[in-house]
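In order, the protein sequence lines correspond to chains A, B and C.
Last residue of the first sequence: number 485 in the working numbering, and the count goes up by one each step with no gaps.
Last residue of the second sequence: number 1478 in the working numbering, and the count goes up by one each step with no gaps.
Last residue of the third sequence: number 2098 in the working numbering, and the count goes up by one each step with no gaps.
Calculated from the structure, these hints are not laboratory results.
Don't take each hint at face value.
[Stated by the list, open to error] Facing chain B, according to a computed beta carbon distance under 7 Å, are these residues of chain A, among others:
hint: 1; residue: Gly201
hint: 2; residue: Ala321
hint: 3; residue: Val326
hint: 4; residue: Phe330
hint: 5; residue: Leu365
[Claimed, not checked] Not close to chain A: a few residues of chain C, all C-beta gaps over 10 Å, as computed:
hint: 6; residue: Ile2004
hint: 7; residue: Lys2008
hint: 8; residue: Glu2009
hint: 9; residue: Glu2010
hint: 10; residue: Glu2024
hint: 11; residue: Gly2025
hint: 12; residue: Glu2028
hint: 13; residue: Val2070
hint: 14; residue: Ala2072
hint: 15; residue: Arg2087
hint: 16; residue: Gly2088
hint: 17; residue: Ser2089
Predicted model only: the values in this text are computed from it and were never measured.
Even glycine gets a Cβ: it sits at the ideal position worked out from N, Cα and C.
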Amino acid sequence: MELYELSIHELQDKLREGETTSAEITASVFGRIDAVEKDVRAYITLMRETALAEAERADLAIRKGERGALTGIPVALKDIFCTKGVRTTCGSRILNNFIPPYDATVVEKLRAAGAVCTGKTNMDEFAMGSSTETSFFGVTRNPWDLERIPGGSSGGSAAAVAAGECIAALGSDTGGSIRQPAALCGVVGMKPTYGRVSRFGLIAFASSLDQIGPFTKDVEDCAILMNVIAGYDPRESTSVPEAVPDYRRFLGLGIEGWRVGIPKEYFIAGIDPEVEAAVRRAIRAVEGAGAKCMDVSLPHTDYCVAVYYVVAPAEASSNLARYDGVKYGFRSEGNRDLLEMYKKTRSAGFGAEVKRRIMIGTYALSSGYYDAYYRKASQVRGLIKRDFDEAFTTCDVILTPTSPTPAFRIGEKTDDPLQMYLSDIFTISANLAGIPGISVPCGYTESGLPIGVQFLAGHFQEGRLIQFASAYEKHAKIERRSPAL
Amino acid sequence: MEYEPVIGLEVHAQLLTDAKIFCGCSTKFGAAPNTHTCPVCLGMPGVLPVLNKKVVEFMMKMALATNCRINRECNFARKNYFYPDLPKGYQISQYASPPAEHGWIEVELNGWKKRIGITRIHMEEDAGKLLHDELNPVSRVDLNRTGVPLIEIVSEPDIRSAEEATAYLRRLHEILVYLEICDGNMEEGSFRCDANVSLRPAGTEAFGTRTELKNMNSFRNVQRALEYEIKRQQYVLEGGGQVIQETRLWDDTAGVTHSMRSKEDAHDYRYFPDPDLVPVVIDDAWIDAVQKTLPELPLEKRERFVRDYQIPVYDAGVLTASRALADYYEDVVRLSGQPKIASNWVMGDVLRFLNEGKRDIRECPIAPASLAEMIRLIQEGTISGKMAKEVSEEMYRSGKTPQTIIAEKGLVQITDEGALTKTIVEVIGKNPEQLAQYRGGKEKVFGFFVGQVMKATQGKANPQLINDLLKKMLAGDK
Amino acid sequence: MEKIRINKEEVAYVAHLARLSFSEGETEKFTAQLNDILLYMDKLNEVDTTGVEPVTHAIARENAFREDRVVASLPAEASLANAPEARGSCFQVPKVIE
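Whenever a hint applies, use it, and build me the whole structure from the sequences.
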């Protein structure tokens, strides 16, 4: 196997044994990038020179015996994380030339752990999308079928991990933007509990829903990355001062006797039959591992998408007001006055989907409509949260499909925004309730497209999720394939 | 038809914290543009606010000092609008859930005391500064001021005249300064006032249409603007017209209010709870702790001075103009035991020296102990009142104690009857004409003799003694 | 009868609030799309929310404070480094037309 195909823990074994160096690993990854990036287009900005320099420093540290949690491992960053001195675009024309003067907290943590940063990956503009088709910088392709989307909005990060263009990556998840692309690209993706990972330096989309999480090749790597990025940050008011356990401790423990809730509302008409079949196989696999599956009900499931598409755009419409051409970013030319500058800048700087959501959000908050839309949606959100609180009194983990379909074709849903929104149907609820979720590969379609299964747990139960996912992984023994690039 | 003005005032006070409300940048006034900014207050992508605890404490102090009820929980909201001095495109404020409500302060006017209600007090962040270019169609933005903490104090529409409004503002101002939470500088913008004004037929309850007045940057301008606006509205109504609900700017030079015709109709601020901030919960223990830190407020202090020191209301007012001055005065009283005399000296000479030298009482070279000592020396007769003037000037100039100065200048009052008698005899001897005039009934000539004796003794003789002896001796007693 | 949730005039008003401008064709398309989306949200009216508190935060936290301590600011050059237009040490914008 090539170095770029290995996982973090496999590479760490080799580094420890002196069988390889960070320089070699990084060269292998960039070699792979050179070979396939023109087809996959996972990256917006490659950081080759700095990566190679970081790899050298990592090797020096390793030789001295100073090994951090990620020393020498090439990791990619969704272009939504502010990286000091390195262009950060959020997939948008309006930040096309923005160079942050500071690092996001998670970036600081990765650096402190010795990671090598390979570059900034492509994403739906301002994280608004489920296919990575709305980026100003072009469409990322699913490595498993270049005619198909990788999922979104963290499509670049998911594709990069799947294609071997990095060993692991960070993404963000507001309505499923880590879990759905993870499922569609055949990798592991986790959305932690809201407040578990610092949002400082994450370009905000919907503040009460955004979370940061890892894309990895297996569950053990997920635990490794979670150990690095989780933790309280005093720079974020909504960061929760909850102690971070060593997530690796949860690996390899069994799930004998665990109660697994299967929500009937999630097995609806409209799920691709191959997806359903794969998820049912996953149910049998966990039963085989000793877990007990049972029906649960999440009665307000049907309202999740509607709630999300009021709350998220409302918050986004406010979060994106700062992009006004005054202090940073794109500004239109030839403005006769301030009003024209605002309108031309924002109309030319934002893409259609972003504008659509800003419009929805502005409308939902506007005078006369606030109670009917935003307040109402916030109340239903409370009920959705309550559904999960109650469900978790009867089960330890909830199991669902991650996405109703495998990767769809590029352009297939772009004319029907509502259809696109409905593809988030299984992932949105976790963001609304603030609970953690993980998507793990559970099979392939006939045509070789990856399928993912999602596990959900209660607040701050990431350890439990890792334990469950690790047991599932071991028991299901899903064939580890490589995309034919 | 007689109309009654109905006025409500909104005051924004900048708080004297070291750092801004949601980030660690300095709040110091007057720095070079954009040198007190960071990614957070610049509203850069990805940044988040964290509330400065001291802002909450300062807000609580004002709330307690104005008899407000402090709510157990309050939240922050976003007020969304576009303007270049508002980097995030929204201001973080508190809309639906203010931390303090239903307070009041007492205002004195022409001997009357009136209570003006305070509807609410809340915390929010200040915006930056927009500087318009005179020649070119551009504006420049300095974001130093974004994020400086403000409290907004909204009064009930209880105010009924421009005079009352000014009295209310002055009272609010002195409380803020006494609490040391605001420096109250209207020119620098740390104390700002907007007004809502409407008229209604006297004796009725329903509110008339109100206008909002802005751009009044001094107490005097507030008074003038309100007087003008009341007259203007009266004129409109008496002419059968309707007052338009609008914002009007006070034009200081022209002495009028202008309608602020903007392209926007009413602003739709789309308030919603800020998801980046969490509730502030204030329990009784915290309230008690802050209550204990409150100083005696100006009104109470003034009343106590009048009561305990038996000084006139006016004097109490002067002496409590600042906490530092009041403390100084009380130190002198404590050390001298002479509140009335101390009041004369502090209000008179001390303040005069300070004004001339443009100094603050905290920099006064005359220590309270020195002033108290000087008062004692006068009481004892060691120095005369006139000599004391010289001593006090020297104390101010050099900071030395009165004993030192008296010793150095040899200023000891002559109280020796014998020596004084001798001097008086000499003076009378030198002025036979005036003696004759006095004995002839011209009583005014007495002053001449007093003056001559003073001169002969270089002002060191005890005036009372001079008086007594002169009377006796001019009358012909030996 | 087709339900209309938003018409072209409202779209224009909302666009102005958001400082966006659309061409005629874009306005038509947006109006139709927004209508579909808003109609979908009518679903929420099916839910009985009497007495339910609105949820703004999924995780309850309170009293997240910072100390009143000055921390070094960015140098002005860094604050202005990304400015589309700057003059002296200020951001520069076209004037507001009164």
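Please confirm whether Glu2024/C is truly not at the interface, meaning its C-beta sits more than 10 Å away from all C-beta atoms of chain A.
holds (14 Å)
Please verify that the nearest CB of chain A lies beyond 10 Å from Gly2088/C's CB.
holds (15 Å)
Outside-interface status for Ile2004/C - nearest CB in chain A farther than 10 Å
It holds; Ile2004/C is separated from chain A by about 14 Å at its closest Cβ, greater than 10 Å.
Interface-negative label, Ala2072/C against chain A, beta-carbon threshold 10 Å:
holds (12 Å)
Minimum beta-carbon distance criterion (7 Å), Val326/A to chain B:
holds (5 Å)
Using 7 Å as the Cβ threshold, decide whether Gly201/A counts as touching chain B.
holds (4 Å)
Evaluate the condition: distance from the CB of Glu2028/C to the nearest CB of chain A exceeds 10 Å.
At about 13 Å from chain A, Glu2028/C clears the 10 Å cut-off, so the statement holds.
Next item in the hint list is Leu365/A. Is there a CB on chain B closer than 7 Å to its CB?
Hint on Leu365/A: holds, closest Cβ of chain B at ~4 Å, below 7 Å.
Claimed clearance of chain A by Ser2089/C, with the beta carbon kept past 10 Å:
Nearest chain A Cβ is 13 Å from Ser2089/C, so the label holds.
Since Glu2009/C was said not to touch the interface, does its Cβ keep a gap of more than 10 Å from each Cβ of chain A?
holds (13 Å)
Holds or violated: is the Cβ of Phe330/A closer than 7 Å to a Cβ in chain B?
violated (13 Å)
Under the criterion of a CB-CB separation shorter than 7 Å, is Ala321/A in contact with chain B as hinted?
holds (3 Å)
Going down the numbered hints, you'll see the structure goes against 4 and 9, while the others check out.
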